[in-house]
Amino acid sequence: MSKEVRVRFAPSPTGDLHVGNIRTALFDWAYARHTGGKFIFRIEDTDRERVTDQYIQGAIDTMKWLGLDWDEGPEVGGPHGPYLQSQRLDIYAKWAQTFLDQKDAYYCFCTPEELEALREEQKKANQAPGYNGKCRNLTLEQQTEFKNQGRSAVIRMRMPEGETKFVDVIRGEVSFDHKFVPDFVLVRADGSPLYTLAVAVDDVLMKVTHVLRGEDLLSSTPRQIRVYQAMGVQEEDYPVFAHLPFVMGKDNAKLSKRNGEVSVSWYRAQGYLPESICNYLALLGWSPGDDKENISMQELVNLFTVDRVHASPARFDPKKLDALNADKIRALSSEEFLERSWNYIVEQNLIENNQGNKEIIASLLPIIQERIVTLNEIPAMANFLFVEQVEIEEESKEMMSKVETKEILQAALNQIKPLNTWDKENLENVLRGELIENRGLKPRIAFAPIRIAVTGSHISPPLFESMVLLGKDRCISRISKSL
RNA sequence: GGCCCCGUCGUCUAGUGGCCUAGGACUCUGGCUUCUCAAGCCAGCUACGCGGGUUCGAAUCCCGUCGGGGCUACCA
175 MSKEVRVRFA PSPTGDLHVG NIRTALFDWA YARHTGGKFI FRIEDTDRER
225 VTDQYIQGAI DTMKWLGLDW DEGPEVGGPH GPYLQSQRLD IYAKWAQTFL
275 DQKDAYYCFC TPEELEALRE EQKKANQAPG YNGKCRNLTL EQQTEFKNQG
325 RSAVIRMRMP EGETKFVDVI RGEVSFDHKF VPDFVLVRAD GSPLYTLAVA
375 VDDVLMKVTH VLRGEDLLSS TPRQIRVYQA MGVQEEDYPV FAHLPFVMGK
425 DNAKLSKRNG EVSVSWYRAQ GYLPESICNY LALLGWSPGD DKENISMQEL
475 VNLFTVDRVH ASPARFDPKK LDALNADKIR ALSSEEFLER SWNYIVEQNL
525 IENNQGNKEI IASLLPIIQE RIVTLNEIPA MANFLFVEQV EIEEESKEMM
575 SKVETKEILQ AALNQIKPLN TWDKENLENV LRGELIENRG LKPRIAFAPI
625 RIAVTGSHIS PPLFESMVLL GKDRCISRIS KSL
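Residue numbering for the first sequence follows the numbering used here, beginning at 175 and increasing consecutively.
If you're looking for bench data, these hints aren't it; they were derived computationally from the structure. It should be emphasised that the depicted structure is a prediction, and the values quoted were computed from it without experimental measurement. Cβ coordinates follow ideal geometry from the N, Cα and C atoms, glycine included. Among the clues, some could well be false.
As the list claims (entries may be wrong) - Distance ranges between label pairs, derived from CB positions: (1) D390 to D411: 51 to 59 Å; (2) D235 to A267: 50 to 58 Å; (3) A554 to S349: 55 to 63 Å; (4) Q231 to Q301: 43 to 51 Å; (5) W440 to Q472: 22 to 30 Å; (6) K353 to S326: 24 to 32 Å; (7) S486 to K576: 55 to 63 Å.
Unchecked claim - Listed below are the simulated DSBU-like cross-link pairs for lysine-lysine, each with C-alpha atoms no more than 35 Å apart in a straight line: (8) K321 to K298; (9) K238 to K277; (10) K297 to K494; (11) K381 to K177; (12) K598 to K576; (13) K381 to K321; (14) K177 to K297; (15) K238 to K571; (16) K576 to K591; (17) K298 to K238; (18) K297 to K339; (19) K321 to K277; (20) K428 to K532; (21) K494 to K580; (22) K298 to K381; (23) K339 to K277; (24) K598 to K655; (25) K591 to K571; (26) K466 to K428; (27) K268 to K298; (28) K268 to K339; (29) K576 to K616; (30) K308 to K298; (31) K655 to K571; (32) K297 to K238; (33) K571 to K646.
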């Protein structure tokens, strides 16, 4: 029996979680669930200048909303916590000291300005940039002298000669010559840890077995492995690495706000279903292998394996997300569609939250379910039911003023006024009978004026159903007003 | 510049040497249906970056090339 799979998602919340982050989180989660392992959610907030509590809370909310539940992490705790790196500073300090004692790391007194100058020089000389090891072998006396000069020190990891080779399950064997992996900083001059230290220490301490993360971290893997070595971890205990391809915006450009919408909370506010976002994102860099693309979260868990993840980057295409979301909305049961819609409307504050309004929406939902793409379209479609009179849209005003139009409206009025039972069948019978059969009008010609008079727009849910929902009085009133 | 990764329709992908005259989905175009809008149905457009090998045979393997991306921080 092999050991339990433990996967972590470890974002650094320097902003709203975007679709790229979430694609990674989704794969992490799906892999953990697929294997029956544990999903760990860790917040990498070692850079307190950029990470804020608000973003951390936002990340937690987004994960919950998407249904990516975690076994260990914020709010739920776990045996290897805390799961916020800012609460683990003593752990990193202890390991940094150990590395210093072992001579794996050393104090470096070079100032940022000196390092900048060094980089300039290297660039000019066309050399590989990187720390030149100036402070590698400082004597105690030299260190004291630097301190007396008022210099502060960072802790730097010593990178031995040689190379680091490892197998990335998505990319195969990857190797880095240490000539291109300079000594790197573990601890800032102010004593705070850097990602390079924290990520490796935590992955070891939290017993992470599989690191599935963005491809941008591929070239930092040798540094992470270097820390494992200093921690005394055996090679067979290194986690399995899998570097996921990027999710990109249009034109091959990196995903960013300028390049289409990226934040998951934006998609939430637009009325996308969380499972649509997950489903769509799952298709970026992974596929179920057959022709079925619309899958549930459970199917994703069942089908997800890392060997079906491929190595090339994917473009985020909002059009396909739309199509998937529309499909998923159509597939909702009427009860569920109502519950989701109403929750969304209330959450976004689009319509006042009371029982009467909810009932109006509930009555409308069945006739608009197959014609909306996102939940935020509901209020506009429902508008005609919430007002006493409608405003006729600009583009239809000319048509509505024509004599022929007035004639149709008058004829329709004559037919519906005497109706005792106000239902779809009766409305359709009398209106078709008079306008189509008696007058020989084409349906589209005959019904357009009524539609516009009643809903204000030439585009609406099905006419007779809409009239039923509106009620006889308001229909008569609106048609009369258009005469 | 150096190091690393990547390269199938416009986009997401299937494809692991013969089943590929390259399949599906989204988009787009045309048509059918139709009370509008949708939905549904049918049809069409469009791809293995390029050049060399290896092989009886290559989208699939190798080399080169070109193109894209990442890293090169006291960010992650």
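Structure-based check of all given hints:
At roughly 25 Å, the beta carbons of D390 and D411 sit outside the given window of 51 to 59 Å. For the pair D235 and A267, the supplied restraint of 50 to 58 Å is violated, since their beta-carbon distance comes to about 31 Å. A hinted range of 55 to 63 Å holds for the C-beta pair A554 and S349, which are about 57 Å apart. At roughly 45 Å, the beta carbons of Q231 and Q301 sit within the given window of 43 to 51 Å.
Checked against the hint of 22 to 30 Å, the pair W440 and Q472 passes, with Cβ atoms roughly 26 Å apart. Checking the proposed 24 to 32 Å range against K353 and S326 shows it holds: the Cβ atoms sit about 29 Å from each other. Range check, S486 to K576: about 58 Å between beta-carbon atoms, so the 55 to 63 Å window is met. Our distance criterion of 35 Å between C-alpha atoms is met by K321 and K298, whose separation comes to about 31 Å.
The hinted pair formed by K238 and K277 fails the criterion: a straight-line CA distance of about 44 Å is larger than 35 Å. For the hint linking K297 to K494, the alpha-carbon distance of about 44 Å lies beyond 35 Å, and the restraint is violated. Using a Cα cut-off of 35 Å, the hinted pair K381 and K177 holds, with the two alpha carbons roughly 10 Å apart. Taking the CA atoms of K598 and K576, the gap is near 27 Å; set against the 35 Å cutoff, the hint holds.
Of the supplied pair hints, the one linking K381 and K321 is violated, its CA atoms being roughly 38 Å apart against a limit of 35 Å. Restraint check for K177 and K297: not satisfied, since their Cα atoms lie roughly 47 Å apart, outside the 35 Å limit. Simply put, K238 and K571 have alpha-carbon atoms about 48 Å apart, too far for the 35 Å limit, and the pair is violated. A hinted pair counts as satisfied when its Cα atoms are at most 35 Å apart, and K576 with K591 qualifies at roughly 23 Å.
Between K298 and K238 the alpha-carbon distance is near 50 Å, which puts this suggested pair outside the 35 Å criterion. A C-alpha spacing of about 27 Å is found between K297 and K339, which places the hinted pair at or below 35 Å, so the restraint holds. Simply put, K321 and K277 have alpha-carbon atoms about 20 Å apart, close enough for the 35 Å limit, and the pair holds. In summary, the hint linking K428 to K532 is not supported, as the alpha carbons are separated by about 42 Å, beyond the 35 Å threshold.
For the hint pairing K494 with K580, the CA-to-CA distance comes to about 43 Å; that exceeds 35 Å, so the pair is violated. Distance restraint check for K298 and K381: the Cα-Cα separation of roughly 44 Å exceeds the 35 Å cut-off, and the hinted pair is therefore not satisfied. The suggested pairing of K339 with K277 holds, with an alpha-carbon distance near 23 Å, which does not exceed 35 Å. The straight-line distance between the Cα atoms of K598 and K655 is roughly 22 Å, inside the 35 Å bound, and the hint therefore holds.
Restraint check for K591 and K571: the C-alpha separation of about 25 Å stays at or below 35 Å, so the hint holds. For the suggested pair K466 and K428, the alpha carbons sit about 28 Å apart, so the restraint of at most 35 Å is met. Between K268 and K298 the alpha-carbon distance is near 39 Å, which puts this suggested pair outside the 35 Å criterion. Pair hint K268 plus K339 holds up; C-alpha atoms about 28 Å apart against a cutoff of 35 Å.
At roughly 17 Å between alpha-carbon atoms, K576 and K616 fall within 35 Å of each other, so this suggested pair holds. Only pairs whose Cα atoms come within 35 Å are accepted, and K308 paired with K298 is accepted, the gap being roughly 19 Å. For the proposed pair K655 and K571, the alpha carbon gap of about 13 Å is at most 35 Å, so the pair holds. At most 35 Å may separate the alpha-carbon atoms for a hinted pair to count; K297 and K238 exceed this at roughly 46 Å.
Between K571 and K646 the alpha-carbon distance is near 24 Å, which keeps this suggested pair within the 35 Å criterion.
Of the numbered hints given earlier, the model fails hints 1, 2, 9, 10, 13, 14, 15, 17, 20, 21, 22, 27, 32; all others are met.
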